[in-house]
Amino acid sequence: MIEIPPTVQDAAAALRAGALTSVDLTRAVLARADEFDARLGTYLARFDGEALATAERSDAELRGGLDRGPLHGIPVGVKDILAASEGPTTAQSLILDPDWGAAKDAPIVKRLRAAGAVITGKVTTMEFAIGMPDRTKPFPMPRNPWNLETWPGGSSSGTGNGIAAGMFLAGIGTDTGGSIRIPAAFCGVSGLMPTFGRVPKSGCTPLGYSLDHVGPLAHSAWDCAAMLQVLAGYDPSDPDCIDVPVPDYVSALTGSLAGLRIGVERAHHFPQDSDPAARERFDAAVAVLEELGAMVVDVQLPYFAETNTAMMLTMAAEALAYHRQDMRSRWNDYAAGTRQWVAMGALVSGADYVQAQRVRRAAQGDLQRLFHGVDAIVMPTAVCGALTYAELEDAGMSKLMGRMFTSYWDAVGNPALVVPMGFTADELPLSLQIAGRPFDEATILRVGDAFQRTTDWHLRTPPLVRQTVAV
Amino acid sequence: MPEIPLTVQDAAAALRAGELTSVDLTQAMLDRADELDSQLGTYLARFDRQALANAERADAELRDGLDRGPFHGIPVGVKDILAASEGPTTAQSLILDPDWGAGKDAPIVKRLRRAGAVITGKTSTMEFACGVPDPTKPFPIPRNPWDLDTWPGGSSSGTGSGIAAGLFLAGIGTDTGGSIRIPAAFCGVSGLMPTFGRVPKSGCTPLGYSLDHVGPLARSAWDCAGMLQVLAGYDPSDPDCIDVPVPDYLSGLSGSLAGLRVGVERAHHFPEERDPLVEGCFDAALEVLKQLGARLVDVVLPLYDEVQAALMPTCAAESLAYHMSDAQARWGDYFEGTRAMLARGALVSGADYVQAQRLRRVAQRQLVGLLDTVDVVVMPTSAVGAFRYGQDDLLDIERLFKLVFTSYWDAVGNPALVVPMGFTGEGLPLSLQIAGRAFDEAALLNVGHAYQQATEWHLQTPPLTRSTRAPVGSAAS
Amino acid sequence: MSTPEDKTIVQLMLARAGLPVSELELDKLTSAYSQQQPGIESLYKVAATRYEAPCLQFTPTPTFADWG
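So the sequences go chain by chain: A, B and C.
Under the working numbering, the first residue of the first sequence is numbered 1, with each subsequent residue one higher.
Under the working numbering, the first residue of the second sequence is numbered 1001, with each subsequent residue one higher.
Under the working numbering, the first residue of the third sequence is numbered 2001, with each subsequent residue one higher.
Each hint should be verified, as a subset may be incorrect.
[Unchecked claim] Here are the computed lysine to aspartate or glutamate pairs in the DMTMM-like style, where the Cα-Cα straight-line distance is at most 25 Å:
| id | chain 1 | residue 1 | chain 2 | residue 2 |
| --- | --- | --- | --- | --- |
| 1 | C | K2045 | B | D1147 |
| 2 | A | K110 | A | D97 |
| 3 | C | K2028 | B | E1279 |
| 4 | B | K1402 | B | E1279 |
| 5 | A | K399 | A | D326 |
| 6 | B | K1110 | C | D2066 |
| 7 | B | K1137 | C | D2066 |
| 8 | C | K2028 | B | D1064 |
| 9 | A | K137 | A | E391 |
| 10 | B | K1402 | C | E2041 |
| 11 | C | K2007 | B | E1336 |
| 12 | C | K2045 | A | D243 |
| 13 | B | K1110 | B | D1064 |
| 14 | C | K2007 | B | D1396 |
| 15 | A | K104 | A | D235 |
| 16 | A | K399 | A | E427 |
| 17 | B | K1137 | C | D2006 |
| 18 | C | K2028 | B | D1393 |
| 19 | C | K2028 | B | D1248 |
| 20 | C | K2028 | B | D1326 |
| 21 | C | K2028 | B | D1097 |
| 22 | C | K2007 | B | D1393 |
| 23 | C | K2028 | B | D1305 |
| 24 | B | K1402 | C | D2027 |
| 25 | B | K1402 | C | D2006 |
| 26 | B | K1402 | B | E1272 |
| 27 | B | K1402 | C | E2025 |
| 28 | A | K137 | A | D326 |
| 29 | C | K2028 | B | E1273 |
| 30 | C | K2028 | B | D1392 |
| 31 | B | K1137 | B | D1034 |
| 32 | C | K2045 | A | D326 |
| 33 | A | K110 | A | D243 |
| 34 | C | K2028 | B | D1034 |
| 35 | C | K2045 | A | D99 |
| 36 | B | K1137 | C | E2025 |
| 37 | B | K1290 | B | D1305 |
For the record, the hints were derived by calculation from the structure and aren't laboratory data.
Since the structure is predicted, the reported quantities are computational estimates derived from the model, not experimental observations.
Based on the sequences and whatever the hints tell you, model everything.
Written as structure tokens, this is what we have:
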């Protein structure tokens, strides 16, 4: 069994250098799944047979001189709220009609296939991307490979822990309030929420129509850039998809931050109960960016609390519109966590919803002005490591809510990248978040990539995986 | 000495023929206002002095060969929810901050001025375009010149009554559930609700962000076309304004309907409570269209009831969001009718609002399919003539929308034109509505114009005004 | 017809919105709410909305320009 390369970038080079084949790679990641999936609850459906067939085809194509780009022959996992033709989508729920999307590919899945990616299966999420894992429901509980007692984050849980455990080299997540970036942060990998409308979200069950984003997780910013290259671009099947040219994201990774102005947002990101390591690692990360040539300046995000409130009530209202009929007739078939969140849509008035949209626009206006003075804004993704299931069940999401900082960016629609920046004293990953202007993913990817050229947090492997594999 | 022209088209010709001047015309309109406004409650603010000054300038420009187009020197009224720099906007309310829009022109007012229009004043509306007249509030009660005991319709009430009674030749209204078309219908004039986003609505107090349209009222479809030419086009100050080329609406008035497929919608437009004459008037109108070359096809509007059900939650939620802090602090200062609408915004959940927007999209999709099979859809604008004060409960919005058929088009965003088509037994105007594809106002205007070449309903004037219809420049004017 | 439950709901929703309605207004609004609900229900029953997006679109790149 070959060693799995640490990144898509490395794997792509190794494939072309003949050091390994896509079949080798795919067999290796499937073996990882055999080893770890039961403990980690990564997969809802494995596509071993199809994956190996695609891997063989990739090898043949590469041998024959057809090169589909960096994702050619690379194993990729897909969050089980997006349709892939190998099998039905569940949304990790008893509710979703199995005929929904049956035998169809979501547009982004089509794009992955056209890029030669090897889709290894459908991975765990939260129910409909919102409901915390419910032991009473017949779905796996996803666990964090850094500490099995802890939650890997969500809702792209399986995408995050699958990459961390080497079950695939990259994956697809979605982000409505943080669901790409939280699992990326807690699992010690990188993740990108692109600009709203950058990547088509058709063929994906919706959570918040005006908040949903489809995007990549992978070990590195470079890998995310390569993924975004495949995913981005207009598709008319998604009414929210915006027709804006797609730049060359990988070429923009110059490694230099000279002249870049980076805003540092501490004001809203270090509450009382922050883990001390979070502040320490964040300061260290900012220092690295400065060393790389960036000019840093303190900034404050406008309407921080109000925008977060607007995000929540928007999501609740939009989600309930979608779920209401099923919730009425099949309330108990839903996970408790889903019911909790989505029912809030009934407690928000139409006027409140409209007002939330006005607040979002006001925030966008001030933020546009802020981005006249800076090119990117950095902050911690969260000021804690992954919480244990016990802690989550005890205090619920509220314990987490005040310490994670993703939802602001969903509300305004700007892109945000997260990259690992160190560990807590308990050896749980900490994460740096880099937000940018709409449609300027290139700049934030450049920041993340430059950071990762001089640090190696993104290359660390969970002890569990390291030890098991070493044997 | 010529009579005061009824239409902008005629007035424009008379101006250029030297038969009268803009000052003559404007003075005659002001005299009419002196005579009739106290009965009609058309104006909230008159700009007599500025109007005459503008009229003088218009005359000078025309004499010098600077011709700004058909609206040059034409007296026009502006609904008092839009800002015009002559004076503050009230929205017919105690609530609106007088500093709002003070000294500024809404983009469409700028466009009117650039076209040389003479703005005679701000016309009465409903409070914030939604509150029915409230006698306990210090604003005029607008009355219908066809019968002073009836409502001229709303919310562009004064714009409608002013044109019907000849206080100006054209005017600006807005339409969220029918507020251009209802007063046009009840006052026996023409009115156009353009496609959503065709005309900028900045500088206008909002009622429903996703439903508001600014548009013209005038005597004729030709006049409305000329007005739309002035008003239409992108403006970045309105986030809902859509950047689509503006065709030449007047050139598009061929007057021929040969080959036009006209969908006839009876299914939802003839309730039990209808006026006994409305069906006959409608059938007669259809006959005229047929004579003009149109091919009639029976159609049914998709999801009609559901679209109606989606409009109120949308409008109420959007307006309450705008008014929330004033509503909480100054509830009693609002008109009773406005309060009734705003409160509904609290009774609709966020999820219901979102669902209403999904429904609208489904209806739009199905309507696009329908408008592949026909070019326009026709129906009566209303099943009845103007509502009677004291007898018909103006607060009963549900009843209003059962008898008046305007709101469907606001909900889907398509354009709709209304033109007079006859009278009830009591002498109250009846109206024909013509709706079409998004951004295809040209088709509607052509139908209306062709119809008006073959009929004279749009040239009828209220008995009340005939005694004042003295020639321009005579001793009596 | 309005039920006592309808009146409670309306009372609570208006109170939550902070709107100080009179008794008469409360009665009228309760009646309006009861009449409104079947229409709202009908919006959810339209099969074609099952997987449909709403017609208000959010943009990540809004434009801002002053009028006047």
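Within a Cα-Cα threshold of 25 Å, do K2028(C) and D1064(B) meet the stated pairing? Violated: K2028(C) and D1064(B) sit about 61 Å apart, past 25 Å.
Practice prompt. Given the hint that K1110(B) pairs with D2066(C), test it: the Cα-Cα distance must not exceed 25 Å.
Written response: holds, 14 Å
Notebook entry, point to check: Quick one, are K1402(B) and E1272(B) close enough, alpha carbons at most 25 Å?
Noted result: Cα-Cα ~10 Å, so holds.
Is the Cα-Cα distance between K1110(B) and D1064(B) 25 Å or less? Judged against 25 Å, a Cα distance of about 22 Å means the pair holds.
**Asked** Do the alpha carbons of K2045(C) and D99(A) lie within 25 Å of each other, as the hint requires?
**Response** The given pair, whose Cα atoms are some 19 Å apart, holds under the 25 Å limit.
For the pair we were handed, K399(A) and D326(A), check the Cα-Cα distance against 25 Å.
Violated, at about 29 Å.
Are K2028(C) and D1305(B) close enough, with their CA atoms no more than 25 Å apart?
Answer holds: K2028(C) to D1305(B) is near 22 Å, not above 25 Å.
### Message
Hint check: K399(A) vs E427(A), CA-CA at most 25 Å. Holds or violated?
### Response
Since the Cα atoms of K399(A) and E427(A) sit roughly 20 Å apart, the hinted pair holds (cutoff 25 Å).
Within 25 Å, alpha carbon to alpha carbon, are K110(A) and D97(A)? The given pair, whose Cα atoms are some 22 Å apart, holds under the 25 Å limit.
Decide if the proposed pair is consistent with the structure: K2028(C) and D1392(B), CA atoms, cutoff 25 Å inclusive. holds, 16 Å
Inset, instruction - Measure nothing beyond the straight line between the CA atoms of K1137(B) and D1034(B); if it is 25 Å or shorter, mark the hint as holding. - result: Status holds; Cα separation ~23 Å.
Q.
Would the hint linking K110(A) and D243(A) be met if the CA-CA limit is 25 Å?
A. holds, 18 Å
Comparing the model with each earlier hint shows violations of hints 1, 3, 5, 7, 8, 12, 17, 19, 21, 34 and 37; every other hint is respected.
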